[in-house]
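Taking full-length UniProt numbering, the leading residue of the sequence shown gets 1, the next gets one more, and so forth.
The set of hints was computed from the structure by calculation and includes no laboratory data.
Between beta-carbon pairs, the in silico distance windows are:
id : residue 1 : residue 2 : range
1  : N372      : D230      : 28 to 34 Å
2  : K408      : D279      : 51 to 57 Å
3  : T178      : K238      : 28 to 34 Å
4  : H380      : T461      : 28 to 34 Å
5  : E299      : S449      : 23 to 29 Å
6  : M108      : K238      : 34 to 40 Å
7  : K238      : A78       : 16 to 22 Å
8  : S147      : D306      : 19 to 25 Å
9  : R106      : N421      : 29 to 35 Å
10 : S479      : K167      : 24 to 30 Å
In this text the structure is predicted, and so the values were computed from the model without any measurement. Ideal Cβ positions, reconstructed from N, Cα and C, are used throughout, including at glycine.
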Amino acid sequence: MTELPSVFPNTTTPRRQDKSKSLDSLLEESPNGSDSSSSPGASSCSSEESASPSSKLSPIIIDLTSCKYNVVREAALANGWKIRKPTSNAKDFTVFWMDQSSAPDRIMKLRTFQKINHFPAMGGICRKIPLARNMKRLRKAFPEDFSFLPHTWVLPQEYFKFKNSKKIIGKTYIIKPTAGCQGKGIVLTQDPTDAERYGDCVVQLYVDRPFLIDGYKFDLRVYALVLSVDPLKIFMYKEGLVRICTEKYKAPSSLNIKTDCMHLTNYSVNKKSDCFEYDPNNFSVGSKRDFNFLNKYLESQGHSPDKVWDSIADIIIKTVLTIYPQLLHQYRTSLTPKHGDFVCFEILGFDILLDETIKPWLLEVNHSPSFNTDTPLDKHVKLNLLTETMKMLAINPNERIIGMKIEKAMSRERITGHYSNDVEKIVENMPSREEIIATHTRIEDEVMSKGKYKRIYPTSTTTALYSKFIEKASQEFTSAQSHFMTSSALNKQVSLSNVSNNINSNHPHSRITHDRSKSASEVEGRGRARSNSSSSTRASDKQQIRGTTKLPLIRAKSGSKIPPKSASEQSSRWLEKRKSAQNRPSYKISTKTLNFPSVFDQVFFPEDRCDETEHNHLIDEEEAKVLELLAESNNLRKKFQILTSVNKHWSP
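Please take these sequences and the hints and turn them into a complete structure.
Next comes the structure, spelled out in structure tokens:
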């Protein structure tokens with residue numbers, strides 16, 4: 001049985017080199033005999049409503065059943081694409097456009113010629129917590145290069161670090177819910193204790209000295225296109241939105257800190273203000289303005305717009321590179337042998353703030369930026385952005401025909417069991433991957449020459465400049481993978497489903513022992529002795545926990561330090577014990593094994609926190625608090641709840 005080939009096979013696919021043809025020439029001789037002299041960037045077929053039945057080219061069909069924005073439909077029709085009818089074959093489309101993120105299994109189900117507008121794993125920068133963590137890993141190695149994200153704490157995991165940090169003394173900070181968007185749930189405060197009330201959230205230092213436009217705070221919505229990850233291609237759109245607050249800015253104080261329209265630049269917040277305004281005929285006035293106005297304003301204030309945009313492009317590249325190994329890994333593992341190249345693409349919305357020194361700060365990244373067109377400026381920017389993006393995909397209309405013919409030939413072979421060389425005839429004349437990339441690059445250059453897109457990666461300068469960041473991100477990803485595999489293997493040993501059945505209220509510790517080799521009678525006898533005295537049970541539990549972790553329990557107070565010598569010795573013993581897993585004692589509950597030190601490793605020593613210098617002189621208050629809770633609880637199930645709850649926050 002012949003394996004279903006890729007429409008654009010890898011370079012390792014056997015082919016007759018003397019008959020290798022370019023993508024254009026191959027599709028000119030497509031199986032339906034059509035003439036494809038037009039650019040692959042757009043089909044000559046008209047829209048669904050006006051498509052001519054006599055058209056020779058196969059239409060590019062876009063599925064918008066999961067997209068709510070009408071401007072996407074308009075852009076597709078402007079490119080001559082056809083909109084899939086809800087009543088037609090659900091699998092008959094060329095591009096699937098959706099507003100939500102895409103799971104790997106959805107990509108696996110795509111046919112050979114189909115594309116989708118999201119990458120798997122893009123949540124690593126488009127969600128607040130993963131963005132903060134990924135940035136911290138790279139900032140640790142390159143502190144100067146990754147200083148464009150305001151200092152961020154992830155709560156509740158980093159609450160004690162946040163509360164005890166010197167960075168928040170006398171500062172204003174902003175609390176953002178992890179799942180929030182459009183400014184919902186965002187709170188400004190100067191009281192650190194306010195963060196306790198918000199559960200899962202991120203706390204970020206507030207940039208309190210922003211660059212102002214006529215006294216108003218503003219931010220920028222910058223659009224970037226990740227056209228592919230294999231190879232990586234990133235483009236920045238040179239037009240976007242300047243979103244201006246509707247109340248004049250004043251430094252945060254107790255009098256104005258709750259005035260959202262002064263401090264929050266979100267359009268969804270300011271559009272409700274009576275002061276929100278726009279001019280349909282002039283994009284240089286009002287609460288939303290274009291980048292042409294911004295460039296002129298920067299020049300009028302003595303600043304170089306080119307330097308600002310170079311800095312913003314640098315932020316976009318570095319942000320994507322923090323998760324590039326994950327992107328590439330997820331993309332490759334989501335594809336099957338039937339898929340071609342360039343299956344995924346994604347438009348990202350970067351929210352950028354300029355401070356008074358014109359330094360750009362990254363606020364957040366949106367994987368599904370809003371394409372609402374409430375104002376004429378929105379319509380102008382977003383329609384052009386989407387129209388050019390669809391052209392950048394370089395889709396040849398007849399790719400769909402070729403893919404469908406290959407699928408039919410393979411289906412015939414499976415049904416009849418009769419082998420034919422129809423598939424090989426198509427595959428052997430297909431262009432190489434290098435030729436496909438060259439064709440796409442040529443089309444991209446044509447689109448950029450007439451539009452607003454600018455290639456920012458790779459270029460003659462950026463490839464070498466950013467290689468060290470890719471290398472470091474790859475090391476972090478490999479380390480995290482190894483840690484995750486180890487954690488997964490350990491977690492398989494831990495099962496709490498039968499704890500309530502194994503331990504009853506009369507004998508809460510009747511089946512616990514340090515040594516697996518002890519007989520059942522010894523275990524039961526020891527359990528009965530414990531059940532007779534609750535005080536001895538609590539003391540025994542404390543001793544077990546101490547004996548397992550080799551760390552004396554400390555009732556930590558904020559900022560309380562341990563003498564350097566004892567703290568260093570204690571840290572060394574703990575780290576040494578961590579490296580010798582075979583010597584670790586274990587608890588046994590019936591047939592379920594709980595390796596407590598391994599769980600502690602996951603809690604206190606994930607790969608991105610395993611820095612011995614952090615533990616030399618100060619026991620982390622989070623660690624001491626968990627140990628204290630474990631020791632004071634004489635309920636075994638409660639201990640498990642504490643461990644699993646904390647471990648859940650620190651596991652990768």
